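A.B. asks: Add chain L to chain D, keeping to what the hints say.
Top line first, the protein sequences correspond to chains D and L.
Heads up: the first sequence at position 93 corresponds to 101 in my numbering, and the numbers run straight through without jumps.
Heads up: the second sequence at position 26 corresponds to 34 in my numbering, and the numbers run straight through without jumps.
Source of the hints: derived by calculation from the structure; they are not laboratory data.
Since this is a predicted model, take the numbers as computed values, not measurements.
The beta-carbon is built from N, C-alpha and C at its ideal position, and this holds for glycine as well.
Among the hints, a few may not be true.
[What the hints assert, rightly or not] Covered by chain L, according to a simulated footprint, are these stretches of chain D (three or more residues, beta-carbon under 8 Å):
(1) 15–29
(2) 33–47
[Said to hold, decoys possible] Simulated crosslink set (SDA-like; lysine to any residue; CA at most 25 Å straight-line):
(3) L:Lys20 x D:Phe18
(4) D:Lys20 x L:Glu65
(5) D:Lys20 x L:Asn68
(6) D:Lys12 x D:Arg52
(7) L:Lys20 x D:Ser60
[What the hints assert, rightly or not] Under 8 Å between C-beta atoms, here's a sample of chain D residues computed to sit facing chain L:
(8) Cys86
(9) Thr90
(10) Leu92
(11) His103
(12) Ser106
Protein chains: 2
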Amino acid sequence: MEPKELERYFEKGTLIPAVIQEAGTGEVLMLAYMNRESLERTLRTGYTWFYSRSRQELWNKGATSGHVQRVLSVMGDCDRDTLLIQVEQTGPACHTGSHSCFFRQLTQWEATAGKENEENE
Amino acid sequence: MEPKELERYFEKGTLIPAVIQEAGTGEVLMLAYMNRESLERTLRTGYTWFYSRSRQELWNKGATSGHVQRVLSVMGDCDRDTLLIQVEQTGPACHTGSHSCFFRQLTQWEATAGKENEENE
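Bound-form chain D, shown alone:
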């Protein structure tokens, strides 16, 4: 990818969300944010780097835990403000020990699942 093309992903802001999906299972593991430098490092090294909004620093996923993510594919979306990254995940992706960070089922919805769209305004 040309540097100019990469630049276009950061026109709206300095951070963009990156959805991390396990290539083998299709499971969505986590979402984290990238700035331009973390995307460049990810592209260059083949392992995920993110930008921590709370710590305000770059972090290499798994550098401490060993639960690294080897990158198999990086895709941008239609309007170039989100990334989808297919990885091979070593160990759990979540700091809680869960394989995926998405483990909280929001249950109230289930009672109305499958109903016709009442508010298609």
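C.D. replies: For chain L alone, coordinates are given in the frame of chain D:
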């Protein structure tokens, strides 16, 4: 879900990203943002509602195009600032006509794929 529990998803900000995944294929279709009201409408109606940052208004995905998303599951992540929504997608998810919004391959990376992590600092 209790209203108090729902409230926790909007403690850090008024908008959170929602990853939309096709339930049948596992394909990640798009990412859009939800405020509390759009999440409530999604939970209540069983179809996706988002908040448009550019237009600053709620929108019901597919209300114009007919390409609606019937919700099968809503999951929150470990720190309650991202949603993963499994849907049954009618037609293409992307306004370009692509099934998924993620169709831009970032290719420079491919040349270094699979290399050992050189920057595991």
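A.B. asks: Tell me the numbers of any earlier hints that the structure contravenes, in ascending order.
C.D. replies: none
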